[in-house]
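Number of protein chains: 2
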Amino acid sequence: MKKINVGIIGLGTVGSGVVKTLRNLDYIEVVQIAVKSLNKKRNIENLDESLLTTDSFSVVNNPKVDIVVELIGGVNPAFELIKKAIENHKHIVTANKELLAKHGEELFKLAEKNNVVIMYEAAVGGGIPIIMPVKMALSANRIDKIAAILNGTTNYILTKMEQEGASYGDVLAEAQRLGYAETDPTGDVEGFDAAYKIATLATIAFKKRVNIKNIYREGITNISAKDMAYAKQLGYKIKLIALAKMKNNKADVRVHPMLVKTSHTLANINGVTNAVMLQGEPVGQIVLSGPGAGEFPTASSVVGDIIAISSELHKSEVMLPMMRCKHEQNAVPVEIKDTKNKYYILLNVSNEPGVIGIIGGVCGKHNINLASLLQKDSDEADDMSAEVVVITAKCLEADVQAAITELKLNNCIKEVKNLIRVME
Amino acid sequence: MKKINVGIIGLGTVGSGVVKTLRNLDYIEVVQIAVKSLNKKRNIENLDESLLTTDSFSVVNNPKVDIVVELIGGVNPAFELIKKAIENHKHIVTANKELLAKHGEELFKLAEKNNVVIMYEAAVGGGIPIIMPVKMALSANRIDKIAAILNGTTNYILTKMEQEGASYGDVLAEAQRLGYAETDPTGDVEGFDAAYKIATLATIAFKKRVNIKNIYREGITNISAKDMAYAKQLGYKIKLIALAKMKNNKADVRVHPMLVKTSHTLANINGVTNAVMLQGEPVGQIVLSGPGAGEFPTASSVVGDIIAISSELHKSEVMLPMMRCKHEQNAVPVEIKDTKNKYYILLNVSNEPGVIGIIGGVCGKHNINLASLLQKDSDEADDMSAEVVVITAKCLEADVQAAITELKLNNCIKEVKNLIRVME
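Chains X and B, in that order, are what the protein sequence lines are. Everything in the first sequence is counted per my numbering, starting at 1 for the first residue and increasing by one. Everything in the second sequence is counted per my numbering, starting at 1 for the first residue and increasing by one.
It cannot be assumed that every hint is accurate.
Where chains are identical, the list cannot tell them apart; a pair therefore holds if satisfied intra-copy or between any two copies.
Calculated lysine-lysine pairs in the PhoX-like style (CA-CA distance at most 25 angstroms, straight line) [to be verified]: (1) Lys84 x Lys250; (2) Lys408 x Lys113; (3) Lys109 x Lys315; (4) Lys145 x Lys20; (5) Lys207 x Lys2.
Just so you know, these hints were derived from the structure itself, not from any lab.
Use the sequences and the hints to build the structure in full.
If you want it as structure tokens, here you go:
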């Protein structure tokens, strides 16, 4: 059997895992590796340093390379490198969710034109097999809903906050110390990472391109220990949920925190674990869960893609036809204001008669039915204020936003502390 | 695009779901369907009855048919039909776990010789994508452990017993009324169905053929409401677990009831849902769950396989190379007596001083450490007897069986009511 030659761009955590895992496969050879610095100490035994180069373009232009594995992340220079590699008729394996979300359309068209494939199992859900199952084993389905936990850092933070009653800031600091959160945590905690992933996953599930610009996004930075405690009292946990629904041919795709019933599968996904719940016809509901990141789980998916390409290389006219991404149509987006949800609203109010009536009145005026209401004296040693937690019935986001605006103008409402959507 | 012609053998529940699902795909056409009786009323709108035949062999010999879909189950006549179809160079899609477990080796060799594929996503876990993920997305892994709930009927019965405190017999009767259990439930309740499935799943996960004859099997017919109650009190649920472990190059594959900690993912798989927990290097732990049976979930997997074959048909020299099953090696089995487990033992004993000492003494003599012990007066209004529940530390099955034999001979031990293994 002719050896398959792989060129790797990026030798960080994932790259190291890939190099180590590929050593188990005698028919695949790593022939070149692009790195940032030649002098960095690597956690890889017996690494042949003659393979290393700081010139990434020499990998994509290397005539020996059959498959380019891009593991540097981000748009630049990954975008240019992958385009060049495709033009050089190399197959691509990447874990780059940001690049796929922002420039997937152009890349997949270019790949189609050059008769190569782009594989990206590791870009969504780390080690969880999700891209191949959606494109292959579940291909008979019309998938109409995805609800997923796709970011390990935020799930770790929320799990710790819930289990320890700790504040967001304290847990974030701990996560940064342990290496579960980056020094600049914005990409994770503001939901960008989850949004990139759900863009790609919804695109293949719905078979229509979901534009990252149409994904509503809210992070977890406003979730307080108080929200966690109230949620628990009401039978919920708070999770950062990536949601994608296809209804009446419109795609409602978003990332935001949600209250999830403690009995729900997603409420029991803890720490850095990821999970994807898919609903489709004819299959019904499927849940896939596992490690969402890390050296070895991610390497599992990257090397799985390399093996898939290798298995058909030089043997097939049209390689891995089911893995191709020809989404000619764009999904018609639903704006967040037009979505219907249940809501958790935490208010700080004047502790005086009639305030509950005012809240009820404002909600009623805006077509919002209340499902439950909880009043508690403020623990801030201020007997002039109280806290009110409202859970609404399903209602229109635009109505809720109008009600919130009106509540904020009322003298009895001191503060609208949080508004969190509730999973049905 | 040239139409792909499918011939279906069997138009029961799954067959009907497949016919309905295939209607969404304009490039796939059902050209012939073998049925038992032409006169049976079918739950399919506008079924073209001219496609029906009672001669199954006419389907496998039909020159128009590209893919034979076998959905009759059992060994005869499915075995002969599939062999003939393969010899006629037709690709096979089947949901027949019994046939694969008993004659997979011969069938896969014959398929290889005739350059066709046998696909069987529906044979394990119904609608859950598991065969393709193990063979493709997880192909970089050395999988060393599978723990799974693979039989919906028994999981439904155990869930009901646990939730309602009902007896096995009562719940079985209810399951039969609801159509969740067959009139002769042996195949499900004695663990045969789960054993067929784990044989196939372990074979592809370990990349060595696991012989069905080497799978230790125990069903759920001895599980009592009392066992359920004691398990609950100790923090466990009882599940029928299909287990496969590869250690020191030996395959320990078995199906039997187990006590599973209530916090364990598998303890929370209820009703007819199936779940597969896989552990491998480098991925770590993955859990896949979903509907394990039924018309539409099973059709999802069957049609997924048909689409996979169709996507490469006439385009590739070697079709779906990763889906082929070339397991030249047989797995070396581990005998149940040589396995190490934790055990739950329920004893009916004489209610007299010293009996706990006797139990402890016999266990100690056979190298069995006790992890916990619970004594309770018998509720049988007989103050001469008591019940003792023992949970052991991890110990050798042969030692436990020897201890049980010795306990049975002791006058103080009235009855060894049950012995159930405990998941670590």
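Do the hints match the structure? See the list:
1. For the identical chains of this complex, lysine 84 and lysine 250 are neighbours neither inside a copy (35 angstroms) nor across copies (47 angstroms), given an alpha-carbon limit of 25 angstroms.
2. Proximity of lysine 408 and lysine 113 under a CA criterion of 25 angstroms is satisfied in neither setting, with 55 angstroms inside one chain copy and 75 angstroms between copies.
3. Taking the closest pair of Cα atoms, lysine 109 and lysine 315 come within 25 angstroms of each other both inside a single copy (23 angstroms) and across two copies (21 angstroms).
4. Only between protomers do lysine 145 and lysine 20 lie at most 25 angstroms apart by alpha-carbon distance; the minimum there is 21 angstroms, versus 37 angstroms within a single protomer.
5. For the identical chains of this complex, lysine 207 and lysine 2 are inter-copy neighbours only, at 22 angstroms across copies versus 35 angstroms inside a copy, given an alpha-carbon limit of 25 angstroms.
Against the hints set out earlier in the document, violations occur for numbers 1 and 2.
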